[in-house]
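**Student:** So you can see what is in the structure, the chains are spelled out below.
There are 2 protein chains.
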Amino acid sequence: MSAAQSPGGGGTTVVACCQLRPQVGDATGNRARADTAIRRAAASGGSVVVLPELTTSGYSFTDAREAASLAEPVPGPSTEHWQELAAEFGVTIVAGVCEDGGDGSLFNAAVIVDRSGVLAAYRKVHLWDREKLVFTPGDRPPPVVDVGGRRVSVMVCYDVEFPEWVRLPALQGADLLCVPANWPRFPRPEAERPMEIVRVQASASVNRMYIAACDRVGMERGNDWVGGSVIVDADGWPLAGGYASPDVRVLVAECRLDEARNKSISPHNDVQADRRPELYAPEVLEGGAR
Amino acid sequence: MSAAQSPGGGGTTVVACCQLRPQVGDATGNRARADTAIRRAAASGGSVVVLPELTTSGYSFTDAREAASLAEPVPGPSTEHWQELAAEFGVTIVAGVCEDGGDGSLFNAAVIVDRSGVLAAYRKVHLWDREKLVFTPGDRPPPVVDVGGRRVSVMVCYDVEFPEWVRLPALQGADLLCVPANWPRFPRPEAERPMEIVRVQASASVNRMYIAACDRVGMERGNDWVGGSVIVDADGWPLAGGYASPDVRVLVAECRLDEARNKSISPHNDVQADRRPELYAPEVLEGGAR
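If you're matching them up, the sequences are chains A and B in order. Numbering of the first sequence is given in the working numbering, commencing with residue 1 and proceeding in unit increments. Numbering of the second sequence is given in the working numbering, commencing with residue 1 and proceeding in unit increments.
The following block holds chain A by itself, in its conformation from the complex (with noise of 0.2 Å):
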């Protein structure tokens, strides 16, 4: 590993988004598709390579028994594969998989992997549409792991539309936020940003925190997608993608993750010292503390 993609290193962190093609059922497919892509972005430089939500399993099943059929455990035959990738490649993998929970209950989840094995696991918060005759949803908040020295989150699609969501690794001092996604195709005006970018940018930049997020392309069962692919630095701006393309694709952009570590916007401004926590939540306060 180069000083350059050292992510202890005072430089750059290289950040890969894999924007895959799975399909539904194909686990033995998808996860050679996700093998190819892996490969391509290690070679590229990459140390943190993102993968879509529900990379090995797909996403549009039929129902909660097909899921079932193609849940794994976490740690599991996934994560055991990506961490021998990991270790290959001297990368660190973060993905989406179709968690069985164990006892009949099935979780939309996301890992981070390096060579050690599942460094942090995360269940969905804020499940989308159907996932909710499917899944169970989580109740823990966003995970932040030490990876090389930078720290690193993972939420998956949905839950980065929830700004109180992505505000908490935020707070707990991650430099980047990993978002395994599955965005749906919606209408927009023409030469208008996918709105799911659109609210990545927002949301980076309100927390100085890059974020990666990444999506997936390849009509399934009649859903499309955005194939919306994104890693936008601290301000908010991409760096690579930020538009919809209907292609296989590995992004890489090399990102000072260290700059998330500078909340300063002003000479009197910090965007984490400007919050007011305690004029926020007046449900909780009003449901609980009062």
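Careful: at least some of the hints might be erroneous.
Since the list gives no way to pick out one identical chain from another, each pair is judged satisfied if it fits inside one copy or across any two copies.
To be verified - Straight-line distance between alpha carbons at most 20 Å, and here's what the computed EDC-like set of lysine to aspartate or glutamate pairs gives:
#	residue 1	residue 2
1	Lys263	Asp235
2	Lys132	Asp103
3	Lys132	Asp258
4	Lys263	Glu164
5	Lys263	Glu88
Hint data in this document are derived by calculation from the structure and do not stem from the laboratory. Everything numeric in this text was worked out from a predicted model, so none of it was measured.
Dock chain B against the given chain A, drawing on the hints supplied.
**Tutor:** Structure of chain B alone, referenced to chain A:
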């Protein structure tokens, strides 16, 4: 007021943003410039007319003493003048004023004024840069008031960069959030939309609430501005403005504010019901309730 302009009707509400060129210290001139724009907005069918932050005083005070010399009570001369214009044109005016708190304190305030007087007043909670040397921060949430059957709220400039703060009026049922602003100009990548606008788009989208942000232009004691006034719909798409312009201009958009009452974004999703507030405020819970 035609049916199409009636905020109480089932049709559209015409919202206007008057991007002005105030000069600090020239209260008489600034009020006259605002008058001209309000007339233009009304002539274009405007029903809710938004003016910038600190419309009458200007922004770039040398110190608190100068700000005090330009401050006025609320209600006071400016709000009484706007009340007269509101009556003459049948409009509701939302504008920023430098408020004299009466006890030596100054507030960066905003008012919602109609023919009956000041419907609501708000004091900026998140102060920007040297404002901290001049103003006392507010400590009350954004008010939400009925304007002809629609619910209108207001906050000021930097306030809108705190998603927790934008969430409050949305949870109180605001259909339209008005944001008087003086957005300082920052560098940005060529061809990128100003991040101030991106943040407004995202905030509208995650709340399904219209936002009308009214910026200013005109170099003032070395300070330059984005000139990025914008009116966005409940999906976050700009209906008017949405780009930087150095020009004085009046933006007008027909807004179907009733769309903000529909928080559904899929058969199983609602942007408010999907929130998990019990998980969002660890610092409040840790500091207080637990």
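**Student:** With reference to the structure, classify each hint as holding or not holding.
**Tutor:** Each hint tested on the structure:
no.: 1; hint: Lys263 - Asp235; in the structure: within (10 Å within a copy, 29 Å between copies)
no.: 2; hint: Lys132 - Asp103; in the structure: within (17 Å within a copy, 55 Å between copies)
no.: 3; hint: Lys132 - Asp258; in the structure: neither (38 Å within a copy, 28 Å between copies)
no.: 4; hint: Lys263 - Glu164; in the structure: both (18 Å within a copy, 18 Å between copies)
no.: 5; hint: Lys263 - Glu88; in the structure: neither (36 Å within a copy, 47 Å between copies)
Consistency note: the structure conflicts with the earlier hints numbered 3, 5.
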